[in-house]
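Asker: Residue numbers (the working numbering), protein chains in the order written: chain V, 1 to 280; chain P, 281 to 790; chain W, 791 to 1100.
Among these hints, one or two may not hold up.
Here are the simulated DSSO-like cross-link-like pairs (lysine-lysine), alpha carbons at most 27 Å apart as the crow flies [what the hints assert, rightly or not]:
1. V/K38 <-> P/K622
2. W/K953 <-> P/K788
3. P/K749 <-> P/K622
4. P/K586 <-> V/K38
5. P/K434 <-> P/K407
6. P/K434 <-> P/K788
7. P/K749 <-> P/K586
8. P/K333 <-> P/K455
9. P/K719 <-> P/K749
From the structure, some residues in chain V lie toward chain P, with a derived Cβ separation under 8 Å [what the hints assert, rightly or not]:
10. Q39
11. L65
12. V93
13. L140
14. A199
What the simulated footprint calls covered on chain V by chain P, stretch by stretch (three residues with Cβ under 8 Å from a Cβ of chain P suffice, anywhere in the stretch; the number is not a length) [as the list claims (entries may be wrong)]:
15. 40 to 47
16. 191 to 197
17. 224 to 236
Please keep in mind that the hints were generated in silico from the structure rather than gathered at the bench. Backbone N, C-alpha and C fix where the C-beta goes; we use that ideal spot for every residue, glycine too.
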Amino acid sequence: MTRTLIRNRLALVALGVLALLLVAAAFSPLLAPDDPAKQDLLARLKPPAWSDGGSLAHPLGTDQLGRDLLSRVIYGSRVSLLVGIGAALLAGVVGAAAGLFAGFRGGWLDRVLMRFADIQLAFPSLLLALAIVGFLGSGLWNVVLVLGFTGWVSYARVVRSEVLSLRTRDYVTQARATGVTDLTIMRRHLLPNVLPPLATIATLHIAAAIVAEASLSYLGLGVPKETVTWGSMLADGQLYLGTSWWVAVFPGLALMFTSLAINITGDALRDVADPKAYRR
Amino acid sequence: MSRRNALRLAGVAGSAIAAPAALAGCGTAAGAAGDGTLRVAQTADPTTLDPHKQGDMVSMNVLINIFDTLTTRDVRGRLAARLATSWEARSRTVWRFRLRKGVHFHNGERFDAEAVKFSIERVLDPKTRSPIVELRYVTSVSVVDRYTVDVHTKLHDPILPAKLSLFGGVVVPPKYIAEAGDAAFARRPVGTGPYRFESFRRDRQLELSANRRHFHGRPGADRLVFRPLPNPASALAALQSDEVDLVTGLTPDAARQLSGYAGVELENHPGIRTAYLNIDTSAGPLRDRRVRQALNHAVDVPLLIKAVLDGKAREVPAMIPHGSVGFDESVEPFRRSVRTAKQLLADAGHPDGISTTLAASNTDGQVAEAIAGLLDRAGIRARVDLLDPGTFSARLTSDNRQALGPLYLAASTVWTLDGSSMLQSNVRSDRRQSRWRSKEADRLVDAEELSMDPDDRQRAFTALQRLMKTEAPFVPLYQQDNILARTTRVRWTPIINGSLAMEGAEVKPR
Amino acid sequence: MSASLARHIATRLGTAIGVLFAAATLAFLLVRLSGDPVKQLLPPDATAAQEATLRHQLGLDQSTLAQYGDYLWGLLRLDLGDSLVYNEPVSQVIADRIPATLELAAGALVLSLLIAIPAGIYAAMRRGRAGDTGVMTAVLLGQSTPPFWIGILLILLFSVQLKALPASGYGTFAHLVLPAVTLSVYSIAVIARLLRSSLIDVLGSDHIRTAKAKGLGPAKVVLAHGLRNASLPTVTVIGLEFGGLLGGAILTEQVFSWPGIGRLTVEAISHRDFPLVQAAVLFFAAAFVIVNLLVDLSYSLLDPRVRDRA
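Isolated chain V (complex conformation):
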């Protein structure tokens, strides 16, 4: 398993990027040269250090309120990861539970849950997120909740189909016959088996949620301003592209590479979890 991962050099690079990102998120206060919220209205839109008029005080320049861009990019990693991982965890827990019960119990519960999934799928998730945030108000946790709850379907479907095939295995039927409760069976025998595909979906979902957060911020329905996020930096910076490209480009690059690295890792995970999909 590990060998397959290592063989994939691209995945290694991606993992490196992710490690860097985790470090940046965990140690933002130590790494950032400045307070990401500190404004200097007389030093707005200063270019990066290597351009004319730039200085080492602000290696990547400053934004439209004179805040240090490097510090903001570093702090931005926190929210992006939080939104991504939070949404994936939430969707994973909800989706896995729904999939386990639907698959294992079957019957009306299965039908109801899967019909719910159909309904949910009929709405573009961005539309749903937009409508919910638009009507119920924006905010970091609302965004996490919305992106979490709109993402549960793919988890549920995959878990359900795995469970359907596991249900008839000997060790499950034996456990049932000896009177082990359903919950215990799900926990002991089913959950461990569905974890690998869950991890794959979750990884891809993290990247999707990070991009979705940026999209909501672009539409003005993302997280509050005092929370530094790449999405809102990108949205704010759009206006300044003509004269001060750095305001939008650096958070944009951070977002792109993060999401790319997560997606590549997710692909690699899938290859490990389900070698059939990537026969060599």
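Following the hints, position chains P and W against chain V.
Answerer: Quick look at chains P and W alone, frame taken from chain V:
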């Protein structure tokens, strides 16, 4: 009046609103940019083309070209004749208007006193569901002769003629509406204005053509096209790629993106849109006048204007903007000083500062964030709560006066150019957005709203502004310039009220 | 045989109607949670009487259940009420925008297929080699980038710098190019990835090995056998992807001021125009359901195994 700001476009209006952009589409025959076509960008389409059923600047900007109002503002901001040639107060409750002769609607119908009576009563008729509230003191209109009307009011309304310069002053054709019905009228509006309605496709474009028979002669462009471009960045791109000729209401930062761009010119003209912070004086540390004064000392408005607004705004000392009735030169702005602010906070028992929240529409996000940064220097830690324009206006107009929290950033377009419009919904303690209880202020509002004598009104306004400086129920900020970006083909001088009356705009062939 | 097909079609239709009904209910509930629209439609100094009048006119003074009943009854008659902002029937407002959104979605779909199919085939054939990694990474990069950001960069390059293509507006082919490219990027990624992995699956199967053994060249094998077998899952995903395409259209229309339903929806949400939001949400659900119903039915016509399983 100030409500407009507040209304649903509150947020939008704040900064981006006007960033319209239009693009004339290369494709549709109508939009083809050619000789004599002027393409104007706005942030949105008009909500309706029935002038009595709309109450927002974006709709008004289009309709002011199709219709005429009884009075108008000239380029220097003075109240001037339009469909009415003169007016006078006949008594406390009667205003008499003499009307222009020989004016016809686009369909040939004659404009006369009956049309004025019909129009004003149509606004007042509950069945019309008009959002226009300026005429709330009007009770009826009587026809004196074919070209003279009397407008009767419940109470004395000293600024009625100014209120008839936009929204409530639009005159519509009675016969056409009676024959065609309201719905058809809204689909194909007919007015007396300098441009005739041609076509409207929502989200695409609205086209007008020159009315050669207008009483001011034929307008400067053969065709006038409005295009909705909600996003300021795309409006700029449309201007740069020659898809529109004129973008107005730009924020200073947006305008800066265009400086030095060949073929595009920037202008700024004095404006009347006035921004301020509304303070909830009923709860928490902000009940203390000294804390509110500290806010005023801390928000360095000149720095804000210089750094964030590129100098394209003017400080407003006490809510009433320069150039409007009631402004008093002798009322000076607060002296901006972080030290004084800290001292006042300490005197009020907050040596370590206070924490609060500052709500704003997300279209005003940048200014709100900058203000929070300025407050922070004095130890006032304001969390910026940015709301989408819909939520913001919902809370602004809610019965719960605390819905936007202790502090919020808002702006009003004082298009009547009268201070009472700025104060009407904010100050008197029984008004919907007021968060200040002061018997003295209530008395002064009554005096300025209802006095017949202009000097009495001015005295009340001056006293009110002094009172607001002592009690500090607001943090008055600035009035924004009207910034417009245009291609070099276009010449146009905007009016101070910010409306897009394009009658005088000229377009050179390429 | 044909009886089972009819039964299958009936089941799918029933499901589709059920989904639509649930979607309608969800849309109704969503906007009811948002507070009182009356306040936002009137100026701040409106009187309580004016508010009461408007509330009555909008039917908001009735119980929620009665409103729900009215709403469903209206739906049956295709009457979704009047837009609060436009003062027109919402069905009219929506119908006006449908062509633009369909044009955009169709343009993007065609473009996606034109790029994704060759990319997927190429990657599958060069599986594990540099060409595969290169193509798949490029495609993944597209998937990792927020669509609005792609649109902004395209505008900067092609409209502002090169002045080659319009940055906004609607009407001609030139107007369609940048929005369609922007919208297609995500679908290209999804379709190309799926096609590649299905092809790899198929190419490993027995009858392909047989074909290879018979001496057919790799290109022929892929085209003649692999593609046909890989097309079924791909078609399904295109149907499912249609929802994503519509979601992406919301952003794309915003960036390019495209006069479609996505932009209309964003504006309706921010104006709290609840009849319009309800209708827009329903439109998206209906579009998705119809496309997938068609995909599903054509699929079962093509492949008897599917219908028998059902």
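Asker: Are the hints correct? Go through all of them and say.
Answerer: Quick rundown of the hints versus the structure:
1. V/K38 <-> P/K622: Distance of about 19 Å is within 27 Å: holds.
2. W/K953 <-> P/K788: Holds, at roughly 21 Å.
3. P/K749 <-> P/K622: Measuring from Cα to Cα gives roughly 18 Å; hence the hint holds.
4. P/K586 <-> V/K38: holds, 18 Å
5. P/K434 <-> P/K407: holds, 21 Å
6. P/K434 <-> P/K788: violated, 50 Å
7. P/K749 <-> P/K586: holds, 23 Å
8. P/K333 <-> P/K455: holds, 18 Å
9. P/K719 <-> P/K749: With Cα atoms ~16 Å apart, P/K719 and P/K749 stay inside 27 Å; holds.
10. Q39: holds, 4 Å
11. L65: holds, 6 Å
12. V93: violated, 29 Å
13. L140: violated, 12 Å
14. A199: violated, 35 Å
15. 40 to 47: holds (count 3)
16. 191 to 197: Since three or more residues must qualify, the claim that chain P covers the stretch 191 to 197 of chain V is violated, with 0 doing so at under 8 Å.
17. 224 to 236: holds (count 4)
Of the hints listed earlier, those the structure fails to meet are numbers 6, 12, 13, 14, 16, in rising order.
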